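*Asks:* Residues per chain are reported as follows:
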Amino acid sequence: MWPKEIEEILPKTIQSLLANANNIEKNNIQEIRLRLLKPLEICFASNFSYLSKSGFTNDISKAYITTFDDCKQVLQTISNHSMYAIEEQLRQGYITFAGGHRIGIVGKVVVDNGKIRTIQHVTSFNIRIAKQIVGVATAVMPDLYDSIRHRPYHTLIVSPPQCGKTTLLRDIIYSFSKGMPTLGIPSHKVAVVDERSEIAGSVHGIAQADLGPRTDVLDACPKAEGMMLLIRSMSPQIITVDEIGTAADAIAIDEVLHAGVGIITTAHAFNLDELIERPIMQEMIKKKIFDRYILLTNTPKIGTVQGIYDKNRLKLSARRVFVG
Amino acid sequence: MLVKIIAIVLVISSSTLIGFLLANRFGQRVKELRVIYSALKHFETEIVYGLTPLPNAFKNIANRIDEPICKVFTHMSESFGQHDLTTIDIWTNSWELYKQNLALKKRDYDILFQLGHSLGQTDKENQLKHIGISLAYLQTEEHEARNEQHKHEKMYKYLGFLTGMMIVILMI
Numbered sequence: 001m002w003p004k005e006i007e008e009i010l011p012k013t014i015q016s017l018l019a020n021a022n023n024i025e026k027n028n029i030q031e032i033r034l035r036l037l038k039p040l041e042i043c044f045a046s047n048f049s050y051l052s053k054s055g056f057t058n059d060i061s062k063a064y065i066t067t068f069d070d071c072k073q074v075l076q077t078i079s080n081h082s083m084y085a086i087e088e089q090l091r092q093g094y095i096t097f098a099g100g101h102r103i104g105i106v107g108k109v110v111v112d113n114g115k116i117r118t119i120q121h122v123t124s125f126n127i128r129i130a131k132q133i134v135g136v137a138t139a140v141m142p143d144l145y146d147s148i149r150h151r152p153y154h155t156l157i158v159s160p161p162q163c164g165k166t167t168l169l170r171d172i173i174y175s176f177s178k179g180m181p182t183l184g185i186p187s188h189k190v191a192v193v194d195e196r197s198e199i200a201g202s203v204h205g206i207a208q209a210d211l212g213p214r215t216d217v218l219d220a221c222p223k224a225e226g227m228m229l230l231i232r233s234m235s236p237q238i239i240t241v242d243e244i245g246t247a248a249d250a251i252a253i254d255e256v257l258h259a260g261v262g263i264i265t266t267a268h269a270f271n272l273d274e275l276i277e278r279p280i281m282q283e284m285i286k287k288k289i290f291d292r293y294i295l296l297t298n299t300p301k302i303g304t305v306q307g308i309y310d311k312n313r314l315k316l317s318a319r320r321v322f323v324g
Numbered sequence: 001m002l003v004k005i006i007a008i009v010l011v012i013s014s015s016t017l018i019g020f021l022l023a024n025r026f027g028q029r030v031k032e033l034r035v036i037y038s039a040l041k042h043f044e045t046e047i048v049y050g051l052t053p054l055p056n057a058f059k060n061i062a063n064r065i066d067e068p069i070c071k072v073f074t075h076m077s078e079s080f081g082q083h084d085l086t087t088i089d090i091w092t093n094s095w096e097l098y099k100q101n102l103a104l105k106k107r108d109y110d111i112l113f114q115l116g117h118s119l120g121q122t123d124k125e126n127q128l129k130h131i132g133i134s135l136a137y138l139q140t141e142e143h144e145a146r147n148e149q150h151k152h153e154k155m156y157k158y159l160g161f162l163t164g165m166m167i168v169i170l171m172i
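Heads up: the sequence lines are chains W and A, in that order. With the numbering used here applied, the first sequence corresponds to residues 1 to 324, in that order. With the numbering used here applied, the second sequence corresponds to residues 1 to 172, in that order.
A couple of the hints might just be wrong.
[As the list claims (entries may be wrong)] Below are the DSSO-like pairs computed for lysine-lysine, each with C-alpha atoms no more than 30 Å apart in a straight line:
1) Lys12(W) x Lys71(A)
2) Lys115(W) x Lys124(A)
3) Lys108(W) x Lys129(A)
4) Lys62(W) x Lys115(W)
5) Lys72(W) x Lys31(A)
6) Lys12(W) x Lys106(A)
7) Lys129(A) x Lys72(W)
8) Lys41(A) x Lys4(W)
9) Lys31(A) x Lys129(A)
10) Lys4(A) x Lys31(A)
11) Lys59(A) x Lys72(W)
12) Lys72(W) x Lys71(A)
13) Lys129(A) x Lys115(W)
14) Lys157(A) x Lys72(W)
15) Lys71(A) x Lys108(W)
16) Lys72(W) x Lys99(A)
Rather than coming from a laboratory, the hints here were simulated on the basis of the structure. Source: prediction; values computed, not measured.
Work the whole structure out from these sequences, hints included.
*Replies:* As structure tokens, this is what we get:
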């Protein structure tokens, strides 16, 4: 589905060009990249093209060139005419807007005390279209719930970047929150610490992605602090966070386990051997904190589950499950 | 005779009324300047505590201030939906649109339009600085407007009445 929200933030000129473009191809767009005075680039899952008057093209000479006004208008629309309101996000380099889509931004950085204060003269935008794929987690869900002790397994999703890690996590959250009666999984109270507003794609604290009926989202909060806060305040049965890796995260996760709360989280790595080379992860793996490891890969396509491993890092089964 | 008396009353009362209306404009300007001042103060708070984007901030401001200035802010907050208008366009157009209903002078508009250039374009600190400058200017304008009011308000009121009297005497 081609999301309406994307169209709304694009300048009229680009909107009309997209209106001419092939609808089927439009649905496969993953990124729209605007670079000042450079051809407008459209990225699909595995290839890219430019945008011309007659639709998508690979001929660079026909491509639409992004103008200064285009950049100005996009910035004006995403900031809602108020740069001060997106100051904090500018510092991070991206802005999440309605629909959970995000825009990456680069330009001239203003530095204050060695830290990024703001980005001025924005020259490149990367509009990344968020896709919520309902049902990607269905295949893995039976392996994530301990039907004997009636509790979810502590799970770590291991994946290289751009392999559908967050998409899978999102659907796992949804599945646990809603419950899956057919698999004998009841509905759980789920709490999410969404440090980078990536899981829920919150705008003004309102989750844009559907994370299920019993999910509480703590938006933009540092992970370690957020986990502690949620245990105290929301009495969750499952806590989920994205991309753990620091010592503070490890301590907080320990705390979560002691509170008897299930944890579902993710980490960047190409495989378990690489993961174990990271000191903090190594310690956590050795302590057998996680009951399940889900390893994702992008071959043959994004979101392929390469394997699910148990706490001793033994593969549960050799079958390959397609989830993307 | 009766007709004459009616005519005299009419002439005097209408010229007095004109005098009062002109005198009223001085008071009106002071009032409007003060409302704009408090509107900008509200805007400061919106920025500091809520980081509210302009469309919402203007809407909130419009709800809290008096007519006729609140109409200008309502119009602004409603104009933000259009894509191709820049922030400064919206700001300037809205003031221009209501110019006829306002008693403000060119100097006052200059201050406002000056602020329009930086509105929403920079980070929080910078916004506050710009608003601060405009507030200071507005305060001087208000002070001046008040002086003028003291000086001229009574004069215009008397002048209206006296002109009416003069016309009547000349006509008799």
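*Asks:* Check whether the Cα positions of Lys12(W) and Lys106(A) lie no farther apart than 30 Å.
*Replies:* Distance of about 35 Å is beyond 30 Å: violated.
*Asks:* With a cut-off of 30 Å on the C-alpha distance, tell me whether Lys12(W) and Lys71(A) pass.
*Replies:* holds, 29 Å
*Asks:* Is it true that the CA of Lys41(A) sits at most 30 Å from the CA of Lys4(W)?
*Replies:* violated, 37 Å
*Asks:* For the pair supplied as a hint, Lys4(A) and Lys31(A), confirm whether the alpha-carbon distance does not exceed 30 Å.
*Replies:* violated, 40 Å
*Asks:* Within 30 Å, alpha carbon to alpha carbon, are Lys129(A) and Lys115(W)?
*Replies:* At roughly 22 Å apart (the allowed maximum being 30 Å), Lys115(W) and Lys129(A) satisfy the hint.
*Asks:* Can the restraint linking Lys72(W) and Lys99(A) be considered satisfied, given a maximum Cα separation of 30 Å?
*Replies:* holds, 29 Å
*Asks:* Against the 30 Å threshold, does the CA-CA distance of Lys71(A) and Lys108(W) hold or violate the hint?
*Replies:* violated, 38 Å
*Asks:* Would the hint linking Lys72(W) and Lys31(A) be met if the CA-CA limit is 30 Å?
*Replies:* violated, 37 Å
*Asks:* Is Lys129(A) within 30 Å of Lys72(W), Cα to Cα?
*Replies:* holds, 23 Å
*Asks:* Checking one constraint from the list: CA of Lys72(W) to CA of Lys71(A), max 30 Å. Satisfied?
*Replies:* holds, 28 Å
*Asks:* Within 30 Å, alpha carbon to alpha carbon, are Lys108(W) and Lys129(A)?
*Replies:* Judged against 30 Å, a Cα distance of about 22 Å means the pair holds.
*Asks:* For the pair supplied as a hint, Lys157(A) and Lys72(W), is the alpha-carbon distance within the 30 Å limit?
*Replies:* violated, 52 Å
Hints 4, 5, 6, 8, 10, 14, 15, counting from the list given before, are not met by this structure.
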